[in-house]
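Asker: Residue-level listing of the chains:
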Amino acid sequence: MNGISLAPTIVTDLIGSGLAVLISFLALSYAYRLVKLQPNNFLWGFLFYFTMAMACFSVSRGVGHILRLILVLSGRNEMWMILSPYSGGVNTLLLISVAAVTLYYHKGLAAYKALRTEAEKLALANAKLEETAGQLQKMNTFLEEMVEERTRDLSKSEKKFRHFFENSKDMVYFCDYGGEISDINPSGLHLLGYDKPPSNFNLLNFFKYNDTLERYLTALKEDGFVSDFELQFESSDGSTRHMLLSANAILDRKGRMTGCEGIAKDMTRLRNLTDQMVSQEKMASVGQMAAGVAHEINTPLGIILGYSQLMMDDFKEGDEIYENLQVIERQTKACRKIVADLLKFSRQSESNKAELNINTIIEEVLAVSEHNLRLNHIEVIRDFSSDLPSVIGDVEKMRQVFINLLNNAQHAMEKGGEIFISTGWDAETRDVTATVRDTGTGIPDHIKCKIFDPFFTTKTVGKGTGLGLSVTYGIIRDHGGSINVESPIVDLQTGQTTQGTAFHLRLPVTNKSETNAVKD
Amino acid sequence: MLSCRLQQKNDRIKMKTLSFKILFFLFFLLLVLPEACWALQPHGEPEGLYVHQMAHILFMGALAYLYWHTRKTKDLVGKGWRYLQYFCLFLIAWNIVAFTGHTLAHYLEPTDIISKGTWAAKLAPPITVIKITYFLTRMDHFLNVPALVALLISLRTFYYEALEEAEK
Numbered sequence: 001m002n003g004i005s006l007a008p009t010i011v012t013d014l015i016g017s018g019l020a021v022l023i024s025f026l027a028l029s030y031a032y033r034l035v036k037l038q039p040n041n042f043l044w045g046f047l048f049y050f051t052m053a054m055a056c057f058s059v060s061r062g063v064g065h066i067l068r069l070i071l072v073l074s075g076r077n078e079m080w081m082i083l084s085p086y087s088g089g090v091n092t093l094l095l096i097s098v099a100a101v102t103l104y105y106h107k108g109l110a111a112y113k114a115l116r117t118e119a120e121k122l123a124l125a126n127a128k129l130e131e132t133a134g135q136l137q138k139m140n141t142f143l144e145e146m147v148e149e150r151t152r153d154l155s156k157s158e159k160k161f162r163h164f165f166e167n168s169k170d171m172v173y174f175c176d177y178g179g180e181i182s183d184i185n186p187s188g189l190h191l192l193g194y195d196k197p198p199s200n201f202n203l204l205n206f207f208k209y210n211d212t213l214e215r216y217l218t219a220l221k222e223d224g225f226v227s228d229f230e231l232q233f234e235s236s237d238g239s240t241r242h243m244l245l246s247a248n249a250i251l252d253r254k255g256r257m258t259g260c261e262g263i264a265k266d267m268t269r270l271r272n273l274t275d276q277m278v279s280q281e282k283m284a285s286v287g288q289m290a291a292g293v294a295h296e297i298n299t300p301l302g303i304i305l306g307y308s309q310l311m312m313d314d315f316k317e318g319d320e321i322y323e324n325l326q327v328i329e330r331q332t333k334a335c336r337k338i339v340a341d342l343l344k345f346s347r348q349s350e351s352n353k354a355e356l357n358i359n360t361i362i363e364e365v366l367a368v369s370e371h372n373l374r375l376n377h378i379e380v381i382r383d384f385s386s387d388l389p390s391v392i393g394d395v396e397k398m399r400q401v402f403i404n405l406l407n408n409a410q411h412a413m414e415k416g417g418e419i420f421i422s423t424g425w426d427a428e429t430r431d432v433t434a435t436v437r438d439t440g441t442g443i444p445d446h447i448k449c450k451i452f453d454p455f456f457t458t459k460t461v462g463k464g465t466g467l468g469l470s471v472t473y474g475i476i477r478d479h480g481g482s483i484n485v486e487s488p489i490v491d492l493q494t495g496q497t498t499q500g501t502a503f504h505l506r507l508p509v510t511n512k513s514e515t516n517a518v519k520d
Numbered sequence: 521m522l523s524c525r526l527q528q529k530n531d532r533i534k535m536k537t538l539s540f541k542i543l544f545f546l547f548f549l550l551l552v553l554p555e556a557c558w559a560l561q562p563h564g565e566p567e568g569l570y571v572h573q574m575a576h577i578l579f580m581g582a583l584a585y586l587y588w589h590t591r592k593t594k595d596l597v598g599k600g601w602r603y604l605q606y607f608c609l610f611l612i613a614w615n616i617v618a619f620t621g622h623t624l625a626h627y628l629e630p631t632d633i634i635s636k637g638t639w640a641a642k643l644a645p646p647i648t649v650i651k652i653t654y655f656l657t658r659m660d661h662f663l664n665v666p667a668l669v670a671l672l673i674s675l676r677t678f679y680y681e682a683l684e685e686a687e688k
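Here the protein sequences come in this chain order: A and B.
My numbering puts the first residue of the first sequence at 1, with every later residue one more than the last.
My numbering puts the first residue of the second sequence at 521, with every later residue one more than the last.
One should not assume that every hint holds.
Claimed, not checked - Taking lysine-lysine and the DSS-like style, the derived pairs with C-alpha atoms no more than 27 Å apart in a straight line are:
| hint | chain 1 | residue 1 | chain 2 | residue 2 |
| --- | --- | --- | --- | --- |
| 1 | B | Lys594 | A | Lys36 |
| 2 | A | Lys36 | A | Lys282 |
| 3 | B | Lys541 | A | Lys36 |
As the list claims (entries may be wrong) - Not the full set, but computed from the structure, chain B residues with beta-carbon under 8 Å of chain A:
| hint | residue |
| --- | --- |
| 4 | His572 |
| 5 | Leu586 |
| 6 | Pro630 |
| 7 | Phe655 |
Treat the hints as calculated values from the structure; they're not laboratory data.
Backbone N, C-alpha and C fix where the C-beta goes; we use that ideal spot for every residue, glycine too.
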């Protein structure tokens, strides 16, 4: 048996030592790069020192082994015997160092983990803080956006309602518990007769009737609202406004009324129109009835008058029977005049219409009646428009209109006064206007709606038939015009009220062609 | 009760006095017997080998601890740590082999190796288990080099993972 050759061990030792040095330094280079990359990571620090110790050990051991082989194989065994203890000692030292580094790892790792845990907690807290700050920022931004949006909406809404408030043609108001107006729109101010709110501006002062005011306040206090409440306001210029009011009580947290807010619609015009329509309907029906009665009565009256006149021929004047027949004739004629007036009122009488000038008609009437008026201390003041267009009408009937109006004025001024007669031309409506105004006693409100009724009179029995204004009304209507009464008279320019009565007439102007047609 | 406690206190004082006396006697012996001076300890020849072997054991223990700790720690997972564990296992095995080799070398006689210090060196017959084992332990680089390769792979993995994380 030749034994076992140790040559493979020598080769393995040589190659292995070289590879160990090379690989350990490669590992060290990665460990170094790792530490550079993350210098605060304890694990990489530990691995770096561990790898460095391993590299040193590999160098020490590898170089030692290679040196040993070189020296021994080259026959310098003595030299190796000198170096051998140092090589072995260093190897041992490095082995212990690597072990020491490894054992140190335990405490280091624990400290690192504790630090890392704290750092992670801090990082987590920081992240949470950042997240919370972000959320707060978002919320803040969102809140700002929301506030901006709400402000925009509010502004838009305010603008909308302000526009509605300012431009509403109805009166919109807010007032306190005592009725003191805190805010009112321009239409409301105008309706109450103001351009700007006065110092003491209380809504309750404008109620014309106390019973209406009481009903309004009671409803507000008890029900909290009023709806479609009809009332009359007396505006600052004294004119009466018919209003339709809807209002709500403003309540505080305890449910106590602190004020009210409301919208009131001016129904005056509608009311007047309605009244006019009612009046017209009434006049029409009365006229129809009057026409029927007049026709029926007119024939027997004609027969009575005819027979009474025939019988008068059979008796001498001065005879008692003759005188009785004269009474019958006179009273019959009076009846016929009434019947004729009724027919005029009901527009049943014959008309002979032609082109006429109102100024001329008035002058003709005044030529007859002005002397009599002067005797009664009544002065006539004329204010005629010079460029008055012609109207189509029955001259006689138009004369009667002005005679009736002047008679009416005269009766209203028993102690004298003034009669203002004016004419004009409304180019917009193409109407000729005429106004007869007196400074008399005026017409009370409660009879205004009856003055055009047939047989309505304020005169004592026997002094008037009550047909004058009815006939006037009938004639004007027959001419396609209108007649209105105003009492007392309000000056539109100054707003001042004057005692008296004014009759306003409007007659339509007909085109020339129409005029010709009428003539034909 | 009080007398009992006083007695105990007296006993403790007596013991302290006795200890002080013994220490003083030993110090006196050191001064009066210079031939047996203990100031420096002599180091015999085998001490270097023992220290080296103990260093192997210490290193092995440290590696075993590192292996155990990296295995049990939940955070230390992944390819890098796995290769570090392989490194530990290889190097523990290498330590055993090296320790065995050093020990067996002590049992070999100078005549057991023929042509020592040359390329023709041989283990002289008869071939025993000790000699074969010794032969095998001389091939310890087959464990040492793979261990270092595992360490290299482990660190390389750690580095590229850290780099990737840093680039994020």
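Asker: It remains to establish, for every hint, whether it holds in the given structure.
Answerer: Now the hints, each set against the structure:
no. : hint               : in the structure
1   : B/Lys594 x A/Lys36 : holds, 25 Å
2   : A/Lys36 x A/Lys282 : violated, 115 Å
3   : B/Lys541 x A/Lys36 : violated, 61 Å
4   : His572             : holds, 5 Å
5   : Leu586             : holds, 5 Å
6   : Pro630             : violated, 13 Å
7   : Phe655             : holds, 6 Å
Hints 2, 3 and 6, counting from the list given before, are not met by this structure.
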